[in-house]
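Modelling step: build the complete structure from the supplied sequences, incorporating the hints.
Protein chains in written order, with this note's numbering: chain H, 2 to 219; chain Y, 1354 to 1610; chain S, 6 to 209.
Bear in mind the hints are in silico, worked out from the structure with no lab data behind them.
Keep in mind that the hints are not guaranteed to be accurate.
[What the hints assert, rightly or not] Quick list of in silico lysine-lysine cross-link-like pairs, BS3-like style, CA-CA up to 27 angstroms:
hint	chain 1	residue 1	chain 2	residue 2
1	Y	Lys-1600	Y	Lys-1371
2	S	Lys-127	H	Lys-154
3	Y	Lys-1371	S	Lys-195
4	Y	Lys-1600	S	Lys-195
[To be verified] Partial pick of chain S residues on the chain Y-facing surface, computed with a CB cut under 8 angstroms:
hint	residue
5	Ala-14
6	Gly-18
7	Ile-20
Ideal placement from N, C-alpha and C gives every residue a C-beta, glycine not left out.
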Amino acid sequence: MIALLLRDLKLAFRAGGGFGLGLAFFLIVTVLVPFSVGPQSSLLSTIAPGVLWLGALLACLLSLDRLLALDWEDGSLDLLATAPLPLEAVVSIKALAHWLTTGLPLVLAAPFLGVLLNLPVPGFFWLVISLLIGTPAMSVIGTFGAALTVGLKRGGLLLSLLVLPLYVPTLIFGAEVARRGATGMETQTPLLMLAGITAATIALLPFASAAVLRINLR
Amino acid sequence: MSIAAKTNTLWEYANPRKFLATSERVLPFFWMSSLLCLVVGLTWGFFFTPDDYKQGSTVKIIYLHVPAALMAINCWLMMLATSLVWLVRRHHVSALAARAAAPVGIVMTLIALATGAIWGQPMWGTWWAWDPRLTAFLILFLFYLGYVALWEAIEDSDTAADLTSVLCLVGSVFALLSRYAVNFWNQGLHQGASVMRAAAVTGADTEEKVSNIYFYPLLLCIIGFVLLFITLVLYRTGTEIRARRIKALLARERLNG
Amino acid sequence: MTLTVTDLAITRGGIPVLEGLNFSLQTGQALILRGPNGIGKTTLLRTLAGLQPALNGTIDGAEDRIAYASHSDGLKPTLSVVENLTFWASVFGTHDIQPALDAFALNELSDRHAGNLSAGQKRRLGLARMLVTGRPIWMLDEPTVSLDKSAVQMFADAVRAHLGQGGSALIATHIDLGLDGAVLDVGPNKAKPKPIDDFDGGFL
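Right, dumping it as structure tokens:
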């Protein structure tokens, strides 16, 4: 299991691995927002938590189609499926690798982008906390979507269509935590809901992902 | 003995041939009775119930709005049930029924959203508000779209049935979660909307007989929509079965040729 | 342990392709799988490897004992030869990749990235994966594609050594490897379509 994780991380950091693409996308989206809504700092600071959450979500989505497709194309998945490792573990590791290479950098970059959008000072802490708790769910749900569409030629667009509705609860609660945090309101309820969703998806969704992957492999 | 015989017959309809034979026999009854219910219910509702003292005649859109909204949700529940039957018992008809129902569900969702907007304009002064109930329907619409798109995208029929069934299962959980999430996110304008309260929603007074004026035609419309839904799904499932058979015959031809 | 296949029927895309397959693969034995293109050799190997369910029949003695090599090599172009092999070795719980490097003459290529290898070299690396899995039954699908004469010899030697150590192999190939293995021709097992009026729940 460690070997698979290390390999995926290594692949992500080597040439053509796509590491940093999501981060760059996140930066660009954040920079484009003031161009589209205007530079008034009061407006920007109001929408900053939501915009940053949406940007992180889209950046996460961007890298999903490579998550399993590369291993599918070169036949690695066939061999992994016959390996002693259960497929549930394979998809969990894949999701973890995705989070480490995409989700975690987004979490770490978010405060700096928050500065660009005039995020109120108390908001920084809650933005990071909410992203830290929310992004793992996005990786796990994204892995499910990637497993559903792995055998398809033009799976990218379909993947977005399938995954985005599944992101709704995470986005709502996550952005709510960041928004309430930024305005100094209590954040406990949405934070607990967000954590609950993340915990439940991490615990249960890999079984569904492995099941659809098995169906796609046959 | 007789009980055993009965349980056998239920699954017999999973045989495409048996299903087609039976559905062709019962279809005329279903479409005629749905037509009857809808014509009577809508005429009664539109022309023979009084205008609401607060909402005027706009209230009458309830005869389309409420049944369509009910069917939009129940259609998804039916797809969930048939998907489970497919995953557990591998009956092809069950998977095809889920596939056949999805576009009907999309149309019902659209009717509910459109009539809601038309009703909302005079009542709330806006075509659209990010009210939890409206938002939840919009999300349901997205789930329907993804489900249908996945069916369309996959070449192999059994693989498509398997994957869409799992998506339906997982989607149901997330749709439910979204429902609670949007409730939390925005309290909203839309009032409670169970069938029993529907009459009260129209602003009619607490007097039961006034509510009943709206309730009976509404009930008739709901029954009509249910029957219409069954009719459409039976028709469409028949079409799907025939399409599958054509596909199977072509594949058979290729194998021999 | 013997791999025993009894009355096996397999499908591709929901359509039966082969039926009535009966054979067994003993320890130390190689079986050469033959049959015209499109008959279902790949499907058979995938079914035996447990990647897809059989239509009916039984497969005994395959559980967790098969190493399957498909047409594609499962290599990562940005990892070196050693990294690729080490990865597969640790996934399958073995450690020593040196015998595999030796058997396919990959020692002087060991630090090259797999993406920089020629097609034949890639294929050799792909086959070397079989060695590091430590699995007793090899299932190989057209293993000699893009291999030159000496590489084919290397491969045949590796298979012979594997058989000598109590392994076995099922190989779909059209060239003569010089192995004294039995030939399994699946041509006669082509599935016959059911009568047209037998149109039931399975659609075929």
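Comparing the hints with the structure gives:
1. Lys-1600(Y) to Lys-1371(Y): holds, 19 angstroms
2. Lys-127(S) to Lys-154(H): holds, 25 angstroms
3. Lys-1371(Y) to Lys-195(S): Given that 27 angstroms is the threshold and the Cα spacing comes to 30 angstroms, the pair is violated.
4. Lys-1600(Y) to Lys-195(S): Cα-Cα ~20 angstroms, so holds.
5. Ala-14: violated, 14 angstroms
6. Gly-18: Holds: closest Cβ of chain Y sits about 5 angstroms from Gly-18(S), inside 8 angstroms.
7. Ile-20: Since the shortest Cβ distance to chain Y is 5 angstroms, the answer is holds.
Figure legend: structure checked against the earlier numbered hints; hints not met, in rising order: 3 and 5.
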